[in-house]
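S.K.: Generate coordinates for the entire structure from the input sequences, incorporating the hints supplied.
Residue numbers (this note's numbering), protein chains in the order written: chain A, 1 to 605; chain B, 1 to 389.
Hints listed in this document are in silico derivations from the structure and should not be mistaken for laboratory results.
For clarity, every value in this text was computed on a predicted model and none was experimentally measured.
Errors might be hidden in some of the hints.
Mimicking DSS-like on lysine-lysine, the simulated pairs with C-alpha atoms at most 27 Å apart in a straight line are [said to hold, decoys possible]:
no. : chain 1 : residue 1 : chain 2 : residue 2
1   : A       : 569       : B       : 201
2   : A       : 575       : B       : 289
3   : B       : 315       : A       : 569
4   : B       : 289       : A       : 569
5   : A       : 577       : B       : 315
6   : A       : 227       : A       : 286
7   : B       : 201       : A       : 578
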Amino acid sequence: MRVMTKPLKQIRNFAIIAHIDHGKSTLADRLIQECGGLEDREMKEQVLDSMDIERERGITIKAQTVRLAFTAADGVEYQFNLMDTPGHVDFSYEVSRSLAACEGSLLVVDASQGVEAQTLANVYQAIDNDHDIIPVINKIDLPAAEPDRVIQEIEDVIGLPADDAILCSAKTGEGIQELLQAIVDRLPPPHEGDETKPLKALLVDSWYDIYLGVMILVRVLDGKLKKGQRIQFMNTRAVRDIDRVGMFTPKPVLLDDMGPGEMGFITASIKDIEETQVGDTITEEKRPCDGKLDGFKPSVPMVFCSLFPADAGDFEQLRDSLGKLKLNDAALHFEPENSQALGLGFRCGFLGLLHMEIIQERLDREFDLDLIPTAPSVVYHIYKTDGEMTELYNPADMPDVVSIEHVEEPWIKATILTPNEYVGGLLKLCEERRGTQLDLTYAGNRVMLVYRLPLNEVVFDFYDRLKSISRGYASFDYELDGYGKNDLVKMEIRVNEEPVDALAMIVHRSGAEARGRQLCERLKELVPRQMFKIAIQAAIGGKIIARETVSAMRKDVTAKCYGGDVTRKRKLLEKQKKGKAKMRQYGNVEIPQSAFINALKMGDE
Amino acid sequence: MSVSQNLPLFGVYVHWPFCAAKCPYCDFNSHVREEIDHDAWAQAYRQEIRHYYNLTPDRTVTSVFFGGGTPSLMKPETVQVIMDEIAACWGIAHHGEVTLEANPTSVEASKFEGFRSAGINRVSIGVQALRDDILRFLGRQHTAEEALRAIATARQVFDRYSFDLMYARPEQTLQEWRTELQDALQYAAGHMSLYQLTIEKGTAFYTQHQRGDFIMPDDDRGADFYELTQEIMDGAGLPLYEVSNHAGAGQESLHNQTYWRYGEYVGIGPGAHGRVHVNGQYRATRAHKAPEVWMDRVRAHGHGAHPFEALDTEKRFAEALMMGLRLREGVSRTHLNAVSGCIFEDQIAEDKLVRLEKEGYLNCPDDDRIVPTIAGLQRLNAMLGYLLS
Ligand SMILES: Nc1nc2c(ncn2[C@@H]2O[C@H](COP(=O)(O)OP(=O)(O)OP(=O)(O)O)[C@@H](O)[C@H]2O)c(=O)[nH]1
Ligand SMILES: C[S@@+](CC[C@H](N)C(=O)[O-])C[C@H]1O[C@@H](n2cnc3c(N)ncnc32)[C@H](O)[C@@H]1O
Ligand code: SF4
Ligand SMILES: [Mg+2]
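M.R.: Spelled out as C-alpha cells, the structure:
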C-alpha cells in the first residue's frame, strides 16, 4: 500500500484513557469501524484485545496502536494514531508510555459510573504529559446513564472543564462522528518535527511476534524511517538495518517510510529483545541526532511470589516459558529458587496482583504448566546491625533476628473513590490494614479517600475486600510512597518442628498471632490425617505463637483381601510410592504438596 | 481333623461367575444370565484344571474354595466333576478343606446335601444382615429367617461352616450393630467373617453414594465400629485372626490362610487369580473375567488366562508383607526372605519398625517376628505405605 507521509497539521496522535471497563477498547472499535480500518466482517468486539487472556477476561493488558484515515468536515484526510490503553492499575506503566508518544487524550468516563480512581490516576498522568484532553462520556445508551451528573463530577473532582464533553455510546455508535471531528478540531497536531533533520524517534514499545520476530513501535520526531536504513539505538548502542516499516490498521500493513509526527512499527532482524529498551532513542548511525529523548522510568516489580512446577520434571520448561513471556512483558522478573518444601522454582516479580494472576494463568494455559504459587509478598529493606541494608525478596531468606537492626517495608499512597454509604466500611478496612488517613473529601454523593498504607497489607486481598464492602462500587488506585520502618517479624510455619520455607512470611508483630493461628487452623484441615500425629506450629524467632495438632488417623484398611485382590493392592501401593514425589517429608510424616498449595491459596477470610 | 503341618500349602480356587441378581454393593466378577449350560461349564473347568496341573505337577491340594458369584447355584454334579478332576490330577490331602460359598435362599440350602456328597466339607454363607429391611436395602434375595434356616441346615450337613455379615452400614448405630452381632453369635460355630461395608467403584451403591442418597460412616466412626466388633468377638471367644475374619482356635480357614501366608494357589474359572511356581519362575496368573470369553479361550487354548506376570523379588516381598500383616499372627523375616528371595533389612529400614512399635501399631517380640496390634491392623494401609516407601 502506498501511503504518503502526512504534513504535521494533518496528524493527530492520541491515547484513549479511562478507568477499567469504561469502554476504551469498545470505543476504539467504533473509531476503527467508522474510519474503515476494518471491514464489517472483520470486526469483533474489542478487536484490539488480541491476546486470548484479554479476550477472555474482557480487559486490556497491552496498549495497542492503530493508524486510521479520517476525512474531516473540511474535506481533508487526517491521519489518526490511536492508542488504546489498559485501565487496570497494574498496567499503568503501559499507559504512561503511550501518553509519552501522543499529544492528546480521550478521557473516557462511564456515564453510569462516573469518575473512578483510575480515571484520576490516568488523567493526572495525561496532564503531566501536557496533553490536550477531550472528556468523553460513554455508555449514554444505558438506562442508568447520568451524563449531567458525570460532567459535573469531572469538573468537581478533576477540575477539568467538561461542558463541551462528547456524549457517546461506543455500543450504538451514537456521537462517534462528532467525536472524530472533535479530535481534528480540539486535539493538537504533533508539536514540531523536521523531515530534513537527522532521524530522532522514540522506542515506545517492543514485543516478539512469531512471524515477524522482534517488532518495535516507534514515534518519529524528526527525520524519516525507511527500509534499508541503518539505525542506531542510542542507549544500547546497537546498530541495525531496518527491514520493514509498517503500520497497524489494525492489520499490519507495510509502508515505504514514516515521517515526523507519525507512529508505526519497524523490524530490524533483531534476535534479542533485550536490545530494544523501551524509551530508547532511535537515530541514524551515520548522522546521529542532537540529544537523547527523556525516555521512561523503568517499571519496578512491586509484588513477588515464587512459582514452583507441581511436577518437578517441569522446571526447565517453566524456565523456558517464563523466558518466552518476558519477551512481550518487560515488567516480568524472575530468578531461580530452591525450596525445601516445594523443590526448584523461580522467585518472580510482578507489577501487581492482576499482573501476577495473569502470568500464572498464561503459564498454565499457553504452556500447560501446573504451578504452585506461594503467597504474594513485597520487597523489604533489612537494615543490619553492621549498618548494611539488604533487599529481601523472599521471606524465607530473612536473616537471623540478632543481626537485624530494623526492617522497613514499602508504603503506598492509595486513592479510593466510593459512594457515600460505604465510607464507614472502607475506613475500617484501611485502619485494620495499618493505614493512615491523608485526605477525605466529598464531591456530590461520592467520597475520595486518600490513605497511606503498607503495600504488604494491600497485596493480600485488599482489592477483593474493598469490592465486597462497597458492593463493587468503590475503585482504587495506588502509587509507591517510599519505605517506612515498622515492627516487622518473620513468621515461620513448622510441621513436626521443621520449618516449611514456602510458608514463611513477614508480618507486623501486632497481627502475627492472629495470622499464625489462622494459618495453623487452615493447615490442620488441609493436612490429611496419618498414622502419626502431626504438630503444626507458627513461630516467631524461637517462640511458638500458635499450634494445632492433626491427630493420627484411626482407620485405614481394606476390609477384604483374598487371592484375587493381591495384584490390585500391590499396584495401588506401587502407585502410592510414585505419588511420593509429590509428598514432602517432615520428621516422620509426609505431607502432600497439595496441602501447602491450598494453604497458600488462603485469603484473609 | 486338619491337614498335616508338613504339607506345603497349595490351594485351588474355583470361580463360579453367576448370580441370581446383582447386589448393589458388589464389585465381584458376578453376572446374571438367563440360561447356563452347566455341562459345558463343567467341561471347561475340567480342561483348565488339567492345564494348570500340567504346569504344577507334584503337589497335593490342601484346600479347595468355590467362590463367586454364587457357587451355591451350581449343580452338585458340576461340583462333583470338578472335585473328581482335582483329585485325579493332584490329589487332595487327607482332611483337606473344601469350602463353597453359599447364598442362604431356601432353594440353595436344599442343595447342601448334594454338595456334601460332591466333596464339600465347609460352607461359607452370605448372611450379610439379620434384619429384613437391611437385606432389602442390600438387594439380597433372602430374608433373615431364611438365612437362619440355611445356617441350621449347614450345621446339620457340614462339619464346619462360617457366615458373613456386613456392618458400618449407612445409618447403622453402634448399639444396633451390637445387638445384631450378639444375636448372630448364637448361630455361629467356630468361624465368622465381618466386613465393613465398602463402597466400590462400578457398583450401584457407588453412584447412589456419589449422588448423596445415603451417607457412609467416616473413618472415625468406622474405627468405633471396628473396635466395638473386636470387643464383642473377643468376649465370644471368636477373636480375629485376620483383619475381618474371626475363628475359635483351629477353626481358621486354611484356604484363605494360604493367601495370607503367601502359599501357592491355582485360580480356575473366569477372573480367577493364581500364584504359582513354574520352571523356577513365580507367576501371577489372571483369567479373563467375562464368562463367555473365558469359555471360548478354554476351548481354544485349554485355559482362559491372560499372559502371566512374572513377579520379581521385590514384588514378591511387597505382596508377602501386605498379605502377612493382615494376620494377627503377623509375619516373620525368615518367611518373607524365603518366599521373596529378598533380604528383609534391605527392604525395610529398622527405624521404621521401631517407630511403629513405639506408636503401638506392631510388636517385634523377637528378632524374627513382626506382629501387628489391633491398632495396627486397623491402619494397615497407611502402615504398609510407610513400610514400603
Ligand atoms: N451499554 C454500553 N456498554 C458498553 C459501552 N461501551 C463499552 N461497553 C461495555 O463495557 C464493557 C467494558 O468495555 P471495554 O471496551 O472492554 O472497556 P475498557 O475500558 O477497554 O476496559 P479495560 O481495557 O479492561 O480497562 C464491555 O462489556 C462493553 O461491551 C457503551 O457505550 N454502552
Ligand atoms: C465373594 S463375596 C459374595 C459371596 C456370595 N455370593 C454372597 O453374596 O454371599 C463374599 C463376601 O464379601 C462381602 N462383600 C461383598 N461386597 C462387599 C462390600 N462392598 N463391602 C464389604 N463387604 C463386601 C460380603 O459379606 C460377601 O458375603
Ligand atoms: S454379593 Fe454375592 S450374590 Fe450379590 S452379586 Fe455379589 S457375588 Fe452375587
Ligand atoms: Mg480495554
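S.K.: Indicate, hint by hint, whether the structure satisfies it.
M.R.: These are the hints, each one checked on the structure:
Taking the CA atoms of residue 569 (chain A) and residue 201 (chain B), the gap is near 15 Å; set against the 27 Å cutoff, the hint holds. The suggested pairing of residue 575 (chain A) with residue 289 (chain B) holds, with an alpha-carbon distance near 23 Å, which does not exceed 27 Å. Between residue 315 (chain B) and residue 569 (chain A) the alpha-carbon distance is near 11 Å, which keeps this suggested pair within the 27 Å criterion. Among the hinted pairs, residue 289 (chain B) with residue 569 (chain A) is consistent with the structure: their alpha-carbon atoms are about 18 Å apart, no more than 27 Å.
Of the supplied pair hints, the one linking residue 577 (chain A) and residue 315 (chain B) holds, its CA atoms being roughly 13 Å apart against a limit of 27 Å. Under the criterion of a C-alpha separation no larger than 27 Å, the hint pairing residue 227 (chain A) with residue 286 (chain A) is consistent with the structure, at around 16 Å. A hinted pair counts as satisfied when its Cα atoms are at most 27 Å apart, and residue 201 (chain B) with residue 578 (chain A) qualifies at roughly 22 Å.
Checked against the numbered hints above, the structure breaks none of them.
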